[in-house]
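Chemist: Sequence:
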Amino acid sequence: MGFDAAQLYARALFPLGHGYPLFCPEPNEALRPEYIESGIRFGDVGIIASDGSFDFHFNICLSADHLINKSCGTPDDFVPVIWNGQIRRNSNFFQRGKPMYSRRAKCREISAEAIVTVPGSPVGVGASIEISFDKESGAALMLPTGANRENMLDLKAFREYAQANAASWYHFVNNTLGRDAENGSIYLVTGVDRSDAWENAVFDSSQSSQSCSLLFESVGISGRMKLSQSSIYQSSVTHRASTTNAQYNQALFIRGFRISLRSGLSVRVLGEVKVATSAK
Numbered sequence: 001m002g003f004d005a006a007q008l009y010a011r012a013l014f015p016l017g018h019g020y021p022l023f024c025p026e027p028n029e030a031l032r033p034e035y036i037e038s039g040i041r042f043g044d045v046g047i048i049a050s051d052g053s054f055d056f057h058f059n060i061c062l063s064a065d066h067l068i069n070k071s072c073g074t075p076d077d078f079v080p081v082i083w084n085g086q087i088r089r090n091s092n093f094f095q096r097g098k099p100m101y102s103r104r105a106k107c108r109e110i111s112a113e114a115i116v117t118v119p120g121s122p123v124g125v126g127a128s129i130e131i132s133f134d135k136e137s138g139a140a141l142m143l144p145t146g147a148n149r150e151n152m153l154d155l156k157a158f159r160e161y162a163q164a165n166a167a168s169w170y171h172f173v174n175n176t177l178g179r180d181a182e183n184g185s186i187y188l189v190t191g192v193d194r195s196d197a198w199e200n201a202v203f204d205s206s207q208s209s210q211s212c213s214l215l216f217e218s219v220g221i222s223g224r225m226k227l228s229q230s231s232i233y234q235s236s237v238t239h240r241a242s243t244t245n246a247q248y249n250q251a252l253f254i255r256g257f258r259i260s261l262r263s264g265l266s267v268r269v270l271g272e273v274k275v276a277t278s279a280k
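All residue numbers for the sequence shown refer to the numbering used here, where the first residue is 1 and numbers rise by one.
This list has only true hints and no planted wrong ones.
Cβ pair distances, simulated, as ranges:
{"#": "1", "residue 1": "Leu153", "residue 2": "Arg32", "range": "23 to 33 Å"}
{"#": "2", "residue 1": "Leu31", "residue 2": "Asp154", "range": "21 to 31 Å"}
{"#": "3", "residue 1": "Ser132", "residue 2": "Ile87", "range": "37 to 47 Å"}
{"#": "4", "residue 1": "Leu67", "residue 2": "Ser168", "range": "14 to 24 Å"}
These are computed hints drawn from the structure, not numbers from a lab. Here the structure is a predicted model, which is why all the values come from computation and not from measurement. Idealized CB from N, CA, C, for every residue including glycine.
Could you build all of it, start to finish, from the sequences and the hints given here?
Modeler: Structure below.
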């Protein structure tokens with residue numbers, strides 16, 4: 001990526017309060033199709049990889065012989081969590097075409113008449129959106145079709161289950177799966193925001209002495225917002241986007257518990273996933 005775009009992205013968007021921002025929202029295509037169909041869900045146990053994706057290990061809400069848990073297996077003596085099954089779902093939590101961006105960035109709408117077309121770039125057919133970073137690293141996320149939100153509500157059951165099983169999770173992840181997970185790196189997912197379309201970008205100020213602007217243009221009859229070619233080709237910008245045929249399984253933000261083992265194997269469960277400035 002040229003620089004640690006995934007970490008910059010997470011640090012930039014985490015303060016917005018939606019959970020941990022995944023720079024790579026798409027599910028691992030090597031997993032079973034039963035998992036890929038929905039992607040990340042509450043009850044998933046895994047780690048956040050260095051590229052900003054979620055490395056799924058197993059799901060505590062499903063039985064050991066469930067097809068989803070057949071992907072990587074489960075810890076010895078695994079028994080699913082007992083919880084009340086209550087969830088909250090918001091099908092249009094994020095509005096379509098409304099960007100999210102770093103707190104210190106500035107955002108403005110530009111009318112179609114004011115846009116100067118860059119050769120080779122799509123022609124805007126309506127208002128465009130410009131996000132500016134003034135010599136400070138930042139990130140932006142555009143959701144052309146919006147996104148939904150799901151949270152499980154029985155946090156007490158998940159917390160107590162994690163406290164009782166954290167040691168076996170680390171043993172399984174490190175010894176059986178060979179992941180070499182550091183203490184505090186395992187996550188238990190309690191909520192997720194999903195979409196079928198997204199586009200993100202990270203500006204790294206250390207790669208440029210200039211400020212940076214990202215232009216999202218309204219393209220085609222549908223008016224779908226898309227990052228301009230001139231924005232993508234900036235050397236200080238790293239950009240990713242969903243495929244045109246993506247399913248509604250792209251996890252933009254995840255919420256949950258970060259699991260740590262203290263000395264003596266007592267367990268500390270942290271209530272929200274957090275962005276670390278260095279590996280822990």
